[in-house]
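K.L.:
Single-letter residue listing:
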Amino acid sequence: MKKYFHHFLAHLMPVFILCVLCPSAGAQDPEGGYVSRKEYEELKQQMLALKKELESIKKEKTAVAQPAASPAPPAAGPSKETVQPTASLEDLVLGTTKFHIAGYAESTFEAQNRNISSFEASFNPIFLWELTPKLLFESQIELSLGEEGTDVELEFAQMTYLLNDYITLGVGEFLARSNVFVERFQALWINKLPDRPLAVYDGILPEKIVGIEVRGGFPLGPTRTKYAFYVSNGPKLITDDPSAAGMLDWDNFSDNNDDKAVGGRVGLFVPMLGMEAGYGFETAKPGDQGTPFAHVRSWLQSVDFNMNRDCDFLKGAIDLHAQYAWTRVDHAVFDPDGSLGFGPLSFSNKRDGGYVQVAYRPTKVDVDFLRNFEGIFRWDHLNHAPGGPGAIDEERWTLGLDYWLGPSTAIKAAYEWDKPHGQPNTNAVLLQAVMGF
Amino acid sequence: MTSKLNRPGLALIALVLFAIAGFCWEAFAGPKKTSNAENESSNTGNMQLSGEELWTMNCRQCHNIRPPTMYSNAQWDVIVHHMRVRANITGQEQRAIVEFLKSSK
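If you're matching them up, the sequences are chains A and B in order. Residue numbers 1 to 437, in the working numbering, belong to the letters of the first sequence in order. Residue numbers 1 to 105, in the working numbering, belong to the letters of the second sequence in order.
Extracted from the complex, chain B is given alone in its bound form (with noise of 0.2 Å):
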């Protein structure tokens, strides 16, 4: 048995366990979502950044970035959520920077 514990092994244990910490985490301690889009631009952690400077410095460090009339607000969604994960953007940053490219068109 102790030698089907190995690393792989491990670390999926760990994962798993990673990942019931993170729901036990949302579901008794998780942060309370806002939808006022200035609280989310000023409570994106200690950085204290707007959504546009989110947007700027997250996507420039990639490609240049799209201008925000590019794409509908649904479209905006969809690829938000699809660079949050691949930028590792948390949600807050996520949702701040969605709603400044909704209220900039």
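Okay, chain A solo, but in the shape it has when bound (with noise of 0.2 Å):
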């Protein structure tokens, strides 16, 4: 404090001089009276006396500006000087990387019509690990309980590098860039339903792949564009097998071929709005190198729409997710010679499917209690080629209430009405408790 107000002191004896200084000058009145010899001695012992203290004061302030030559000035609370050792600490103590642990648990009773019913539970830490600002590693795994014990499942492990505000690159094992859904929504803490739509998972989209890939997104008007291309060891044809002959296999890790998938998305995002539209695609030639397959070429394409904003008319939130997509494998014909038992056969396998889901929470209502509760409604359905083996055509409509403890921890039932083409039901109903961290 002292040193405080000797630096006040310092600062206004400048003023002090001109105010005192500016009254003398001002004392040639009217009447022509000038300063006595008494009052000038009597001002020049106080400058001369300030002058000494501002001395000292610079003194003392080289000599704390030296510390070896001095000891430490006591303590005398908070200053810029103590603050900023304090406030790199945490970075000391920390390090200079960045570690963090998301993800999200869940446990699911699933009681399908001429299934046996059974829980189920699974969990799927992301591990996300910040080099510096510019480098992200990203990891996934999900562990779940099979028939033989715990699976264990790399989802994603990602290296990505901000090249500017609008470029970022990536390479490793990613989430298909050309499925919003699987990027986007697939996690069970976002995804509003217990299960997820048929075609876009587990469907006739990629899921992960291995590769490379540039992505971003920049301002356009009051809109931002989101892109995303990528290479990648692409899908494999199924050609050996009579259920499935004609489809991809998207788990083809260790490619079977030196042509490379190209894929990608773009988006159109207004934020005023809360809506976005997008489009994916992805090529590729996925049969086996130096088979007859090797030049079959596979096509997908896939359009997307979400779309969440407040209704002050419905008192609460909508939340509206539509994807539709359609792949295409050229002509081919399997089994040519029927040494596999099911050939020949002839046929280009075209599939499509899609879903749309409208969800509706009141979070404008006056009653605490009600505003957890949010009310889904989906459609989804998946149709096969005709002539084709394999799968068949199936159209589910689901009835789904969430009741959210927390903002990424909510408990789901839902009831769904799903009729495979010319086969019985499997209505099934389910329960789901899941918690995002």
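Careful: at least some of the hints might be erroneous.
What the hints assert, rightly or not - Non-contacting residues of chain A with respect to chain B, defined by C-beta distances greater than 12 Å in every case (computed):
{"no.": "1", "residue": "Lys58"}
{"no.": "2", "residue": "Arg114"}
{"no.": "3", "residue": "Thr150"}
{"no.": "4", "residue": "Phe218"}
{"no.": "5", "residue": "Tyr279"}
{"no.": "6", "residue": "Phe313"}
{"no.": "7", "residue": "Asp335"}
{"no.": "8", "residue": "Gly338"}
{"no.": "9", "residue": "Val365"}
{"no.": "10", "residue": "Leu370"}
{"no.": "11", "residue": "Ala385"}
What the hints assert, rightly or not - Here are the simulated EDC-like pairs of lysine to aspartate or glutamate, each with C-alpha atoms no more than 20 Å apart in a straight line:
{"no.": "12", "chain 1": "A", "residue 1": "Lys44", "chain 2": "A", "residue 2": "Glu60"}
{"no.": "13", "chain 1": "A", "residue 1": "Lys364", "chain 2": "B", "residue 2": "Glu53"}
{"no.": "14", "chain 1": "B", "residue 1": "Lys105", "chain 2": "B", "residue 2": "Asp77"}
{"no.": "15", "chain 1": "A", "residue 1": "Lys134", "chain 2": "B", "residue 2": "Glu99"}
{"no.": "16", "chain 1": "A", "residue 1": "Lys134", "chain 2": "B", "residue 2": "Asp77"}
Derived from the structure by calculation, the hints contain no laboratory data. Using N, Cα and C, we set each Cβ at its ideal position, and we do this for glycine too.
Grab the two chains, each in its own frame, and use the hints to assemble them into the complex.
P.N.:
Structure below.
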């Protein structure tokens, strides 16, 4: 405090002198009076005293600036000098890299017509490691219960580098950018129903791929354009399975040919409206190298629309997601000589499917209890190629009700009407508890 | 040689050229960083959105919003970095959102 007081005096002195001298100059009043010799001497003494005090302050300041030459000053409350080391203390303790574990855990009960009811559970940690503000490693592992114990699956493991504000480079195993559901909504604390929609999940679109990517976003007027393009190993064409010939195996992590798949997604996001529309695609040659299937090409396309916005009229928030996809595999003849027992089978595998999901949560009603509920409706379906082997066309209608215990913790219940074409129904009751962290 | 340049090959070349162009842009004409949060929030393209608005609009597109107090400043740095990649958020928007989250505690 003393130090500050001295500084204050030092700055006050010139002002004081001016204040003192000006009235003395003004002492030349109309009456012609001047400052007396006595007054002049008093002022001179005061000025000399202040000057002396200023010099002593300067000396003290110089001494403080040389810590080796003098002991540390006593603590006199927080100052910039003392706050600065405290602020950097966190960095010293935690290091320069930053690590965080996110993800979710869930437990589900499913009772489906024509199947045995069962409980299941999984733990899905996501490891985020920011080595520098530009370099991030992220990986998700799914730990679930299988028939013979715990199943472990690597969902993604990717390094990304922020090239600049609008471009990011990535390499490794990552979620398929051409499939917006997998990238954004598949996590069960985000997906509002206990199960995922047909076609876009475990269906006709890729989920995780190995390769490199370029992605980012840039403002375009009142909107933001999002883009992601990648080159990856691509899918593998199934040729020897009677129930799946002509379909694509997306888990083709060790490639079966030199051709690489090319894909991506472009989206337009309108923040003020809470809407986004996108288009995804991927093309590849999925056949085994050196076989008659080497020149068969596959092509997929996907369109999506997503909206989330408050609605005063409905006293709540509306959440809408819709995605529809088409895949095509060029015409090919499978088991041409019949040696595999199901040929010759000649067809072009064309499939399509998608979903529409609408959810409503009364976030603006006065009753706290009601604000935690959310109702969901979903329609999803999957069409297979006529004449092709394997799966059956399927259409489902699902009604669900969630109760949110927190922003990422929910208890979900749903009833699903499921009618595979030409088959008895497989309606189901689903219950789920999920916690995101 | 010509037959080697199939579509994936051309795409790979395009990606590399795109990356090189990005490097050049960053090195010679990239946007200058500012440390002022206010500047960040008013400089996110033409949208003129604050960090809070960007946080709300981007996050709730996919999931419920988590309160700023749920994580430490260091954790928010990593989380928003992760979400910038996942949701194609620009660097300016990322910085404005992080500034908002840290200042909201």
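K.L.:
Against each hint, give a clear statement of whether it holds in the structure.
P.N.:
A quick look at each hint next to the structure:
no. : hint                 : in the structure
1   : Lys58                : holds, 34 Å
2   : Arg114               : holds, 34 Å
3   : Thr150               : holds, 26 Å
4   : Phe218               : violated, 6 Å
5   : Tyr279               : holds, 14 Å
6   : Phe313               : holds, 19 Å
7   : Asp335               : holds, 28 Å
8   : Gly338               : holds, 33 Å
9   : Val365               : holds, 17 Å
10  : Leu370               : holds, 16 Å
11  : Ala385               : holds, 24 Å
12  : Lys44/A <-> Glu60/A  : violated, 25 Å
13  : Lys364/A <-> Glu53/B : holds, 19 Å
14  : Lys105/B <-> Asp77/B : holds, 14 Å
15  : Lys134/A <-> Glu99/B : holds, 17 Å
16  : Lys134/A <-> Asp77/B : holds, 11 Å
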